[in-house]
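Asker: What follows is the residue order along each chain.
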Amino acid sequence: MSEIPGDLRFLKSHEWARVEDDGSVRVGISAHAQSQLGDLVYVELPEVGAEFDSGSACAVVESVKAASDIYAPIGGRVLAVNDALSDRPEIINEDAFGEGWIFTLAPSNPDEIAAMLDADAYAQLLKDED
Amino acid sequence: MRQTALNAAHRAAGARMVDFGGWDMPLHYGSQVDEHHWVRQHAGLFDVSHMCVVDLQGEGCADFMRRLVANDVAKLKQSGKALYTCMLNHSGGVIDDLIVYYIDPSHYRIVVNAGTRDKDLAWIAEQAEGSGLQISERDDLSMVALQGPEARALLLGLLDDEDRASVEALTRFSAAQVGELFVARTGYTGEDGFEIVLPSAQVEHWWDRLLGAGAKPAGLGARDTLRLEAGMNLYGQDMDESVSPLECALAWTVAFDPPERDFIGRGALEQQRSQGVARRLVALVLDQRGVLRHGQTVRSAAGEGVITSGSFSPTLGKSIAFALLPAEHGESLEVDMRGRWLPLRLVKAPFVKAGKAAPGIDP
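Chains as they are written, first to last, in the numbering used here: chain A, 903 to 1032; chain B, 353 to 715.
Please note that the accuracy of each hint is not assured.
Facing chain A, from chain B, some residues (calculated, C-beta under 8 Å) [claimed, not checked]: (1) H380; (2) Y381; (3) V385; (4) V643; (5) G647; (6) R651; (7) A654.
Distance windows between CB atoms, simulated [as the list claims (entries may be wrong)]: (8) D997(A) to A365(B): 38 to 46 Å; (9) E680(B) to D997(A): 21 to 29 Å; (10) G682(B) to G925(A): 33 to 41 Å; (11) E1001(A) to V370(B): 26 to 34 Å.
The hints are simulated quantities; they were obtained by calculation from the structure and are not laboratory data.
Heads up, the beta-carbon is just placed ideally off N, CA and C, and yes, glycines get one too.
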C-alpha cells in the first residue's frame, strides 16, 4: 500500500479531496480504491460547470471487474476535469493521488471539508476493513 | 477455505487472492489486463488445481460414458484423445461441462468444474450404482494451464528428447502421459497451449521451472476475459441445470448420431429440437463506452433477456458479452446500462482469434 498523503481528506467511500492554494478542491479516488477495483477501463467525467451537492454521484469509474460511482465529497461547481483519463484511465491505477485526479470543484461551502476523514482516520478505516 | 498446492507460491508472487467457490485463488498478480495481453502474445501460466480430476475405471466404462454425457465418447479412438461435452440431467439441463480423455476402453479421465465437484460426483456415483466401476477423485493431483502462442516452445524446451517427441506429436485436443506429467493440448483461452495434470508434490517445482523459462503467472481475472473473448461458456453463468446445450450455443457438443445411443437427457433434447428452443445464447459487442456486466437486462423485439457473461475485452478495447435472449430476438438489441439504453451489435463468437479481432467483430 502506498503512503497516504497527509494533506488529503477522505470519504468512507474512498474519494480523496485536497484544498488547493486558490481555494478550489481537487478530487480523486484513493490508492486503496484503485487497487480494489483493479485495471480501470473507463472514466465517466462530470461536465464542467455542473453543480453537485455533497454526497451526490457525479462520476463513474469502471474497471474490468466492476463499475463504481464517485461521490462529490463536498458541494460545489465543477471547474475542471482530467481529460487525460478519457484515453488513459489507467493513470488512476498508476498514480491515484497525483496525475490520476478526476475533477476540481469550486466549493459552495468550504467548511464541509472539515467533516471528511483526515489521513490518520482514513488509514485506520483501511486497517479496520482488513 | 480450500487451498491448492501453489497457494504459498501465489502469495509470494504478490497475488491478490479471492474466494472462488470456496477456494483461495489468485485473481491477478498486479494487473489482470497485462496478464491477459501476455497470454495473447507470449505464454501465461494458470493454477487451475481447483478443478477436479476424476478417473473412471472398470469393465463397461465406455458404455457408461456413452450414457453419462451428451457428446459421444465413441468418437475417441486413440489413447489420450479428448472431447468437450455436457453432462445433462433427465430434462436436458446442464449439470456441468467437462472434458473427457480416453485412456483405454476401461479407463476415462474427466476434468470437471470446481464449483460443481460435489454434485457431479454424487450424480456420477448415482448413475454408476451397481456397475462395478471404480470412480476416483484425484485429490493427489494438481493442474496448471500454460497458454499462449509461445506455450508450446516453452514446454518443449524443458523436456528430455523422448518426452519432447511425445508432446510435440500432440494434435489439438489430445493428451499424453510423459513421466509424471499428463500433458493435454487443451485450454480455456482460445490460444494454443497445454493443460498439465501432475502430482501435487511436484507442482511447485514445475510451476517454478515454467516461470523460469519465461511464462508469467496469470490469474482467474485474465482467465475469464480470455475465455469470453474466445467464445467459451462459463458454467454457472452462461448455463446451468435450467438451460439446455441447444439453448446455450453448445448444440455442436451434442451427438444425436447414432440414434440408438440413449444418453441421459436425450429425450428432452429431441423434443426441444423438434419444437424449437425458447431461448438462445448470443454474442454481443458494445461499440460505445461502457462495460457489459452479468445480470444486465437486454431488450429485443421478442422480449427481454439477460447478460450472462459480460466484460471489457482487452484485445478489442471495448466491451463484449454473452446474453440469453428469446429465440426470435431479431437484430435490434439494447442493454440497460445503469438506466440508459445503449445499442448492442449481434456478432458470431469467437470475438478474438489468433490474438486479434475475429472476422466480423470490428464494425
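Asker: It remains to establish, for every hint, whether it holds in the given structure.
Answerer: Here's how the hints hold up against the structure:
The interface hint given for H380(B) is met, as the beta carbon of that residue sits about 7 Å from the closest beta carbon of chain A, less than 8 Å. Given the 8 Å rule on beta carbons, the hint for Y381(B) is violated: about 11 Å separates it from the nearest Cβ of chain A. The restraint placing V385(B) at the interface with chain A holds, with a minimum CB-CB distance near 4 Å, inside the 8 Å limit. The interface hint given for V643(B) holds, since its Cβ lies 5 Å from the closest Cβ of chain A, which is under the 8 Å cut-off.
For G647(B), the interface hint is violated, the least distance from its beta-carbon to any beta-carbon of chain A being 12 Å, above 8 Å. Proximity of R651(B) to chain A is violated relative to the hint, the smallest CB-CB distance being about 20 Å (cut-off 8 Å). With its C-beta approaching chain A no nearer than about 28 Å, A654(B) sits outside the 8 Å limit, and its interface hint is violated. Distance hint check: the CB atoms of D997(A) and A365(B) are about 24 Å apart, inconsistent with the given range 38 to 46 Å.
Taking the beta carbon of each, E680(B) and D997(A) are about 50 Å apart, not inside 21 to 29 Å as hinted. Evaluation of the 33 to 41 Å hint for G682(B) and G925(A) yields a failure: the beta carbon distance comes to about 55 Å. At about 28 Å, the CB distance of E1001(A) to V370(B) agrees with the hint of 26 to 34 Å.
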